[in-house]
Amino acid sequence: MWRDALLIAGKDIRIEMRSKVVINQMAPFALLVLILFAFALGPDRTPLINATPGLFWVAVLFSTMFAIQRSFSLEASEGLHDSIILAGIDPAGFFIGKLLAIASELGVLEILTAVGIIILYGAHIVSVLVLLSSCVLGTIGLAAAGTMYGALVSGMRLRETLLPLLFLPVASPVLIAGTRSWQSGLVGSHVSAAPWLWILVAFAVLYICVGIVLYGPMEDM
Amino acid sequence: MTIENGNGRGEVMVTEMTGKLNRWSTGRNRWINALGVASVLAIGLDVYLGLWVTPPDRVQGNLVRLLYIHPALATVALYVAFPLAALCSALWLWRRTRSSFFDRLAASSVEVGIVFIALTIVTGSLWGRPVWGVYWTWDATLTTTALLLLEFLGYVAIRRSTTDPERRARRSAIAALVAFVDVPLIQSTMVWWKTLHQKATVLLGSSTDIHGIMAVTFALSFLAFLLLFLWMLINRYRIEVIKDDMQGRTMEDAINNRIAESKVRIEDLLVKAPVSAGVLSSSTEDTREPNAGVVHTTSSRSASTELSPAVPADTFGSDL
Numbered sequence: 404m405w406r407d408a409l410l411i412a413g414k415d416i417r418i419e420m421r422s423k424v425v426i427n428q429m430a431p432f433a434l435l436v437l438i439l440f441a442f443a444l445g446p447d448r449t450p451l452i453n454a455t456p457g458l459f460w461v462a463v464l465f466s467t468m469f470a471i472q473r474s475f476s477l478e479a480s481e482g483l484h485d486s487i488i489l490a491g492i493d494p495a496g497f498f499i500g501k502l503l504a505i506a507s508e509l510g511v512l513e514i515l516t517a518v519g520i521i522i523l524y525g526a527h528i529v530s531v532l533v534l535l536s537s538c539v540l541g542t543i544g545l546a547a548a549g550t551m552y553g554a555l556v557s558g559m560r561l562r563e564t565l566l567p568l569l570f571l572p573v574a575s576p577v578l579i580a581g582t583r584s585w586q587s588g589l590v591g592s593h594v595s596a597a598p599w600l601w602i603l604v605a606f607a608v609l610y611i612c613v614g615i616v617l618y619g620p621m622e623d624m
Numbered sequence: 248m249t250i251e252n253g254n255g256r257g258e259v260m261v262t263e264m265t266g267k268l269n270r271w272s273t274g275r276n277r278w279i280n281a282l283g284v285a286s287v288l289a290i291g292l293d294v295y296l297g298l299w300v301t302p303p304d305r306v307q308g309n310l311v312r313l314l315y316i317h318p319a320l321a322t323v324a325l326y327v328a329f330p331l332a333a334l335c336s337a338l339w340l341w342r343r344t345r346s347s348f349f350d351r352l353a354a355s356s357v358e359v360g361i362v363f364i365a366l367t368i369v370t371g372s373l374w375g376r377p378v379w380g381v382y383w384t385w386d387a388t389l390t391t392t393a394l395l396l397l398e399f400l401g402y403v404a405i406r407r408s409t410t411d412p413e414r415r416a417r418r419s420a421i422a423a424l425v426a427f428v429d430v431p432l433i434q435s436t437m438v439w440w441k442t443l444h445q446k447a448t449v450l451l452g453s454s455t456d457i458h459g460i461m462a463v464t465f466a467l468s469f470l471a472f473l474l475l476f477l478w479m480l481i482n483r484y485r486i487e488v489i490k491d492d493m494q495g496r497t498m499e500d501a502i503n504n505r506i507a508e509s510k511v512r513i514e515d516l517l518v519k520a521p522v523s524a525g526v527l528s529s530s531t532e533d534t535r536e537p538n539a540g541v542v543h544t545t546s547s548r549s550a551s552t553e554l555s556p557a558v559p560a561d562t563f564g565s566d567l
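Chains L and S, in that order, give the protein sequences. First residue of the first sequence? That's 404 in this note's numbering, and the numbers climb one at a time after it. First residue of the second sequence? That's 248 in this note's numbering, and the numbers climb one at a time after it.
Since the hints were made in silico from the structure, they are not lab data. There is no bait here: all hints are sound.
Reference listing, derived: stretches of chain S covered by chain L, where coverage requires no fewer than 3 residues with Cβ under 8 Å from a Cβ of chain L:
| hint | segment |
| --- | --- |
| 1 | 408-419 |
| 2 | 423-431 |
If you anchor each label on the Cβ, the simulated ranges turn out as follows:
| hint | chain 1 | residue 1 | chain 2 | residue 2 | range |
| --- | --- | --- | --- | --- | --- |
| 3 | S | THR384 | L | PRO598 | 17 to 27 Å |
| 4 | L | LEU532 | S | LEU268 | 52 to 62 Å |
| 5 | S | ARG512 | L | ASN427 | 56 to 66 Å |
| 6 | L | SER530 | S | GLY380 | 35 to 45 Å |
| 7 | L | VAL518 | S | ALA337 | 40 to 50 Å |
| 8 | S | THR410 | L | ASP485 | 19 to 29 Å |
| 9 | S | ARG342 | L | MET404 | 16 to 26 Å |
| 10 | L | GLY510 | S | ARG414 | 28 to 38 Å |
| 11 | S | LEU292 | L | SER530 | 57 to 67 Å |
| 12 | L | MET404 | S | ALA337 | 21 to 31 Å |
| 13 | L | LEU435 | S | ALA462 | 57 to 67 Å |
As the structure is a computational prediction, the values presented were derived from the model and not from experiment. Glycine residues also receive a C-beta, built at the ideal position from the N, C-alpha and C atoms.
Could you put together the complete structure from these sequences and hints?
This is the structure we're talking about:
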């Protein structure tokens, strides 16, 4: 399983390094979202700084959808999906490989978005550890749930519109828990980050388990 | 339902059982009608007791009468409809119990559940406005319910955009399970986030004092809405079976109609153009076979293809 996972993750990351879609398209998109938020909330710093944790995670959530769509469009061409099944790749390995690739792409995006937030919104970091751990846990959870839904709608005509409808409600615990933990790590609010980090852990573990169990039956489609 | 291991008898039993249930639910059935009548009577009695017999509340006044609708709707949707859909989806995914019965039941349960949950939100808002001062508040219970509604609307969307029955069943079963496992997590996140909603008071302890007739009406409302749910579920299931049957049948009918139509046209042509008759005679004999138009669609289709040069193009419509 792990060998297959690394194989798939390596393949996806190599394609990304050569095509540079994340850097060339998704990073400017995340930056654009940050600028649009500033337009929506006004030039005054106070509302922006208060809303920063939430805005960061909303930007991440939108980027996740693009990353998922991009990741599954790689196998969308005629016969490629069948070739992967015929190559004897373990479904659970395929799931984890996709998850790792999407999570690492999101990781790069999050670093860029965080830099953007510090520069554009003037945010001050209180605890790097909290911010970093919530990012890692949240990203793994989002990538796991996103991989499930990406695979579920891949090959459907209406996948672009179905994916947000299915994925965003399910991802809402990550948005809330991520925002709350960022509030304590960024604004230094009195909210304790620990319970929210546990929610992120639970979400990630839950969807990794669901993916390992259900990805097999899903590949028959 | 007993499922034996190993020899495949389990699958046979499931098929037999679901076949029986299909016949039971789609045929004329007085039990289903009786269930419908019982649910209407129970709701009628609930309305009568709720509006005329029970007294107004000391604090909430007449608003308390929503108690006889709102909790029952929510309970049926959240604790009956959606768990049932998740269970049926899991049973469909498990090879031994895979049957279109579970797929249809899951879909029916979700759709009826959506109606119940939407009504829960509407009645909750109507109750919230005078009591809390707002139609909507970002409270744990409300938000979880709204997210659940959205998740299951997604289920319906994914179901409607897949036509192949096997794929549709697989996709929707996975979508239901992936959404369902999220519910406890959403619930606990929302509770930590913010809560204002009334706890399930009656279940929590004996300290709550509820007036006799109010308690009876309250309990009756659960029974009434459960009966209504079951009746709607069976009817929704019935529609699903009929719809699948129709889809198969309309295709077959369309093919047969076209074949019958083309036979008439060919006969017309034979009368009008006796010269081409010699060329066509061998093929037309094929189509004049007594059963040709009913079952042998493949042979008729090949006969039609052979005929095509001599017959106007519009004779064989796009259905073929």
